[in-house]
Amino acid sequence: MASKTINILVKIWRQNGPYVQGCLEEYPLRDISTDMSFLEMMDVLNENLTRKGQEPIAFDSDCREGICGMCGAVVNGTAHGPQKETTLCQLHMRQFHDGDTVVIEPFRSRGLPIVKDLVVDRSALDRIIQAGGYVSVNTGSPKDANTILVPQHVAEKAMDAAACIGCGACAAACPNGVPMLFLGAKVSQLALLPQGKLESKKRAIEMVLQMDKEGFGNCGNERECENVCPKGIKISNIARLNREFLKASFTIDH
Amino acid sequence: MQLDSKIPEGPLAEKWDKCRFSNKLINPANKRKYEVIIVGTGLAGASAAATLGELGYNVKSFCIQDTPRRAHSIAAQGGINAAKNYQGDGDSIFRLFYDTIKGGDFRAREANVYRLAQVANNIIDQCVAQGVPFAREYGGTLANRSFGGAQVSRTFYARGQTGQQLLLGAYSAMMRQVAAGKVKMYTRREMVDLVLVNGAARGIICRNLVTGELEKYSAHAVVLATGGYGNVYFLSTNAMASNVTAAFRAYKRGAGFANPCFVQIHPTCIPVHGDYQSKLTLMSESLRNDGRVWVPKQAGDKRKASEIPENERDYYLERKYPSFGNLVPRDVASRNAKEVCDAGHGVNDTGLGVYLDFADAIKRDGIDVIRRKYGNLFDMYQRIVDTDPSKEPMMIYPATHYTMGGLWVDYHLMTTIPGLYATGECNFSDHGANRLGASALMQGLADGYFVLPYTIANYLAQVPWGATDTQDPAFNETVAAVKERTASLMASTRNGKGKETVDFYHRELGKVMWDNCGMARNAEGLKVALKKIPEIRAEFWENVIVPGKEQELNQSLERAGRVADFLEFAELMVRDALAREESCGCHFREESQTEEHEAKRDDANYSHVAVWEYKGDDAEPELHKEPLTFENVTPSQRSYK
Chain A
1 MASKTINILV KIWRQNGPYV QGCLEEYPLR DISTDMSFLE MMDVLNENLT RKGQEPIAFD
61 SDCREGICGM CGAVVNGTAH GPQKETTLCQ LHMRQFHDGD TVVIEPFRSR GLPIVKDLVV
121 DRSALDRIIQ AGGYVSVNTG SPKDANTILV PQHVAEKAMD AAACIGCGAC AAACPNGVPM
181 LFLGAKVSQL ALLPQGKLES KKRAIEMVLQ MDKEGFGNCG NERECENVCP KGIKISNIAR
241 LNREFLKASF TIDH
Chain B
255 MQLDSKIPEG PLAEKWDKCR FSNKLINPAN KRKYEVIIVG TGLAGASAAA TLGELGYNVK
315 SFCIQDTPRR AHSIAAQGGI NAAKNYQGDG DSIFRLFYDT IKGGDFRARE ANVYRLAQVA
375 NNIIDQCVAQ GVPFAREYGG TLANRSFGGA QVSRTFYARG QTGQQLLLGA YSAMMRQVAA
435 GKVKMYTRRE MVDLVLVNGA ARGIICRNLV TGELEKYSAH AVVLATGGYG NVYFLSTNAM
495 ASNVTAAFRA YKRGAGFANP CFVQIHPTCI PVHGDYQSKL TLMSESLRND GRVWVPKQAG
555 DKRKASEIPE NERDYYLERK YPSFGNLVPR DVASRNAKEV CDAGHGVNDT GLGVYLDFAD
615 AIKRDGIDVI RRKYGNLFDM YQRIVDTDPS KEPMMIYPAT HYTMGGLWVD YHLMTTIPGL
675 YATGECNFSD HGANRLGASA LMQGLADGYF VLPYTIANYL AQVPWGATDT QDPAFNETVA
735 AVKERTASLM ASTRNGKGKE TVDFYHRELG KVMWDNCGMA RNAEGLKVAL KKIPEIRAEF
795 WENVIVPGKE QELNQSLERA GRVADFLEFA ELMVRDALAR EESCGCHFRE ESQTEEHEAK
855 RDDANYSHVA VWEYKGDDAE PELHKEPLTF ENVTPSQRSY K
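Going down the list, the sequences are from chains A and B. Our numbering numbers the first residue of the first sequence as 1 and each following residue consecutively. Our numbering numbers the first residue of the second sequence as 255 and each following residue consecutively.
Keep in mind that the hints were calculated from the coordinates and are not lab data. The reader is advised that the hints may include incorrect statements.
With a Cα cut of at most 27 Å, we get these calculated DSS-like pairs of lysine-lysine [claimed, not checked]:
1) B:K895 <-> A:K4
2) B:K803 <-> A:K143
3) A:K4 <-> B:K765
4) A:K84 <-> B:K645
5) B:K574 <-> B:K895
6) B:K338 <-> A:K4
7) A:K4 <-> B:K556
8) B:K765 <-> A:K52
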């Protein structure tokens, strides 16, 4: 853990609301410890701005351990920054060098409008889940858990898909601005498990329709989403979604 | 303040059945005439919202984040307990009950804990039915792992992301109710006050975090599922937005606050590394299944771990507690880590750290097996600390994690304010003075799926139905009080005399709390804290800088409001710690220890729940006591040797 400090120049997108013009502003930062997380670097910048009587940069974060999906920004052109399978909060300044310029922009997609600075509105993702991202079971007295057997390799595959944190980086990285990996992950998780099979046709169709309604584009197999996904979710989940959707389109009977 | 715990008469195993039978019911056609506010969308809040929606109630659900799926339950790693006895290793509901009440050092109610153990099995069934991808054996059955404080293997898990998977299960169930129109979701809202009409909870005031507007919401009952207050220490494993405001506002409106000094300091966290640090990261307790905790035998030994030969290492937990070894409960593990570090054996540049070593497990099972179990935790550690735990031992140190204290509730989960309920970490009810690992997820979901939906009907049945509104003058009076408070928070900045940022004062408070009301407490230190906290508070109100405007997205203002409440609440914690002149669970009073430095309880004088009643800003709060009686277990000095 060789700790050192670096000087960097950050350029950050500032925009005071959804309908006003925004621009990149520059802030030099000195003596940033390389052991800091990226968001701690932003904290330091905000503390400096506050003390100078300027308004700090608005950005979302919550758990700061890479699981809640609240944080996210495009760093030097890549959603969540340069480190593979890493959320912005888990990115550390040791990934940067003295003298670097770091450009920080909000996630951009028509379906994820800007609220302020780096804060975006991701409520479209909730509405996609509302369209069918669940198993229709009421709380009550389901049968004993071990009466539903799931082969280990299937459970593991379902878990790979279920690991999605709903951050929206897939939409931000996609040339068509579509959270197809997010959708593919949820449809895959439930299509793989016996619990979700009953509703799999309706789910695939309704969720895709909702995604279209939200104004997102369509998947062009660019694989940019897979490249930035902080949880390493594979685009084979999108392929499974496509299969589920196609199958459902031909065979749905209600 | 009347403390009636409403525990049903009769044998322990029949109490919950009796309660459910004696509760009033509301017929399905009438349920749709009732409205319930649920604040918070973690395990306790989301599960309650989903279930009440399914039952037919109209639910208004509120969360501070941009979507309900982000609540901090999501960060729970290790697992969830249940007494399924799938392993056939001698588990039973009574054993889960006994382990939990013993783990809590006999400072929880028997009836509540037993009910928790009873419904735990239903939770696993429910979650599996929802499609939660729990870990499986080759034959397709559910897998289990072991956790601290238990000698059976009863913890269900989904890799190191159990909280995430359970929360997404509850979230998706709630989203289904949103689509059905039974749950109305309000995101990016922070509850800033509670509205009482004729002494009963009838609504809340929220700040819309995007527009800054103060919004009024009404209902027939209000449920707080707003989590714990660990962020009072500034550094903790909690999320950035986790705060005490909702619970503390309820306290100031008359709800009793129970055992505020019971705070769990988790033994396995990544040590502090710099003063810019914003949070501490937990490494799941499950790591203690395979990791061995040690420090150098020689105090001040600065050699690298790999250069210290086996016979110069002190595996102090295995040495002192041979039967539980590295799996002693969290409070015991934390206190022992502090003890060896205080004695100069600590590792890390700061001397505040101990090793958690996987070398033996890797030798025994191979790296593949170990990575399958803990891969994501090893990766997380490496990203933060920049060393590989499969090659060098991890360094860990205790950090604030969970708060057992919370709003006092009766057996129905209702606070001392009629119509105000508290569930999950927000209440005090099930963990006594120390929570066992994998029990928080269990309690959150038990409250939301299987307890509150039964008990809330009993109250609602006595309240006239029909659409509610915010016409009562109490709503506008409460809004006016919030406005005044916000204006004074921003006053110093407006007058151009602000000196320091919100985080500055929060750090100051955190340091005072960690030093004086942390892992070990004594009367002298607590009195120091009682003097320092009001000083920081006065300085904060005088000089805090809160830039920006009230009517916009203003994250500085959000934080300022939360820290203002922490600055008052901290004093209550310290008062509680001072009043409890015994050691129990996580509350270690140095004046009360055995010859072997273990916590020494004083059942004759402190076998009670300490409940604090607000008496005004200038008056001291009043202490009430709910005696704890044990009819089915005999409180013993805990031994994990």
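Hint check results:
The suggested pairing of K895 of chain B with K4 of chain A is violated, with an alpha-carbon distance near 44 Å, which exceeds 27 Å. For the suggested pair K803 of chain B and K143 of chain A, the alpha carbons sit about 54 Å apart, so the restraint of at most 27 Å is broken. Taken as a hint, the K4 of chain A and K765 of chain B pair is honoured in the structure, with Cα atoms around 25 Å apart against an allowance of 27 Å. Our distance criterion of 27 Å between C-alpha atoms is met by K84 of chain A and K645 of chain B, whose separation comes to about 21 Å.
Note on K574 of chain B and K895 of chain B: the hinted pairing holds, with a Cα-Cα distance of about 7 Å set against a maximum of 27 Å. Distance hint between K338 of chain B and K4 of chain A is unfulfilled; the C-alpha atoms sit about 51 Å from each other, more than 27 Å. Taking the CA atoms of K4 of chain A and K556 of chain B, the gap is near 21 Å; set against the 27 Å cutoff, the hint holds. For a cut-off of 27 Å, the pair hint linking K765 of chain B to K52 of chain A stands: about 25 Å separates their Cα positions.
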